Amino acid sequence: MKKSLAALSIYSCLLAAPLAGAADLSYLFMPAALSGQNPSMLVMMHGYGANEQDFNDFPVIVPGNMLVVSLRAPLPVAGDSYQWYRSNGSEQQEVDDVAQSDDEVVKTITTLQHQYHISASHTYLGGFSQGAVMTYAVALTHPQLFHGVAVFSGRLPAGFDPSAVPLAAAKQLQVFVGHGEADQRIPLKKAQQAVKQLTAFTPSVTFKTYPGMGHTISLDEIRDFRQWLFHEETP
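Residue 1 is where the sequence shown starts when you use my numbering, and the numbers rise one by one after that.
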């Protein structure tokens, strides 16, 4: 995934703050300080086997008064690699792991919202691959915490229960979904199924597909996401 963002990486060393752990999950906080009124926050979740460094490049594509918080998944894989749920387990294992990670993500986000005085109306959640699955899980069970969500190469979590979604709050969600048409890890069909389900909860779903793109994030997708994000943050 990082290879597609290489053109942006020159800026990351100027913007990344040290790893912090004041909340339940460890996270990378970028940039170190906010200025101005009504700050916004984009919380990102990495894919399987990656870590919080995966989104070092994102601060250069977001509005100036938005901080980017990149979370580290709680379950280790090996070395500096982590996962949100065990991908080699049963469906029930995924359900259990996602529920546990969901709880830690929510605690971390609410702590950061309180600490930095960021309202739900200026909070966004996003993720890639496993992080995209977690984005669906967290946003559709706690939609009141967010204005918008961004799903990169994801699917609905195992055991997803539409009846558990708080409909009134979910109706207000703004959603960006991007997926590669050549993705063989999470096929496009899975994204289409998720989008079909999403439209039952909210009318505000932007769905973009990318011919020839596999399981990654391309610069075209970043441009589309950036346009969507700036539109949402424009008063």
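Derived by calculation from the structure, the hints in this document are not laboratory data.
Just so we're clear, the structure is a prediction, and the values are computed from it rather than from any experiment.
Check each hint, because a few of them may be wrong.
Within a straight-line C-alpha distance of at most 35 Å, the following computed DSBU-like cross-link-like pairs (lysine-lysine) qualify [stated by the list, open to error]: (1) LYS190 with LYS107; (2) LYS189 with LYS208; (3) LYS189 with LYS107; (4) LYS171 with LYS190; (5) LYS190 with LYS208; (6) LYS107 with LYS171; (7) LYS171 with LYS196; (8) LYS171 with LYS189; (9) LYS208 with LYS107.
Evaluated hints:
1. The hinted pair formed by LYS190 and LYS107 meets the criterion: a straight-line CA distance of about 28 Å does not exceed 35 Å.
2. Restraint check for LYS189 and LYS208: the C-alpha separation of about 13 Å stays at or below 35 Å, so the hint holds.
3. Between the alpha carbons of LYS189 and LYS107 the distance comes to roughly 32 Å, so the proposed pair stays at or under 35 Å and holds.
4. For a cut-off of 35 Å, the pair hint linking LYS171 to LYS190 stands: about 22 Å separates their Cα positions.
5. Between LYS190 and LYS208 the CA atoms are separated by roughly 14 Å; this keeps the pair inside 35 Å, and the hint holds.
6. The straight-line distance between the Cα atoms of LYS107 and LYS171 is roughly 23 Å, inside the 35 Å bound, and the hint therefore holds.
7. Of the supplied pair hints, the one linking LYS171 and LYS196 holds, its CA atoms being roughly 14 Å apart against a limit of 35 Å.
8. About 24 Å separates the Cα atoms of LYS171 and LYS189, which keeps this hinted pair within 35 Å; it holds.
9. The straight-line distance between the Cα atoms of LYS208 and LYS107 is roughly 31 Å, inside the 35 Å bound, and the hint therefore holds.
Violation of the numbered hints given earlier is absent; every hint is satisfied by the structure.
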